[in-house]
Amino acid sequence: MDTTTGRSGVGVARPPAGPDNPELRAATAALDSLEKSFSRARASLDSEALSLRDANRLDTAYIAKYASFEHRRAAAVDVRTARDRARRVRDSLAAKAPRSPAAKH
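The sequence shown runs 1 to 105 under the working numbering.
None of these hints come from the bench; they were simulated from the model.
We put the beta carbon where it would ideally sit given N, CA and C, even for glycine.
Heads up, a few of these hints could be off.
What the hints assert, rightly or not - Here are the in silico distance ranges between beta carbons for each label pair:
id	residue 1	residue 2	range
1	Pro98	Ala67	47 to 53 Å
2	Ser33	Ala95	18 to 24 Å
3	Asp20	Asp78	29 to 35 Å
4	Ala55	Pro22	25 to 31 Å
5	Pro98	Ala61	36 to 42 Å
Can you make the complete structure from the sequences, with help from the hints?
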């Protein structure tokens, strides 16, 4: 589970990814996809963690459920790592992108 954000999540301001910067547009699309995947995984894991918390740990079915949970948790960690990497790439591209005339003040 992601312990870096609260339950409400985080709002992320996106730099404009206009048609003049396809690399930035692609990086933003990849980041959006990873954020959605991680959000879905996190919501599912949070819900399942609550049910596991209240489950009978002596029940043999608990072992299988917990192993499955841990497998999906590890996969979610990988998605979070990829999301964070994609965010750094996108932010780097956005910093290098020329500002549009409307954005300059």
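Hint compliance check: list the failing hint numbers for this structure, sorted ascending. 4, 5
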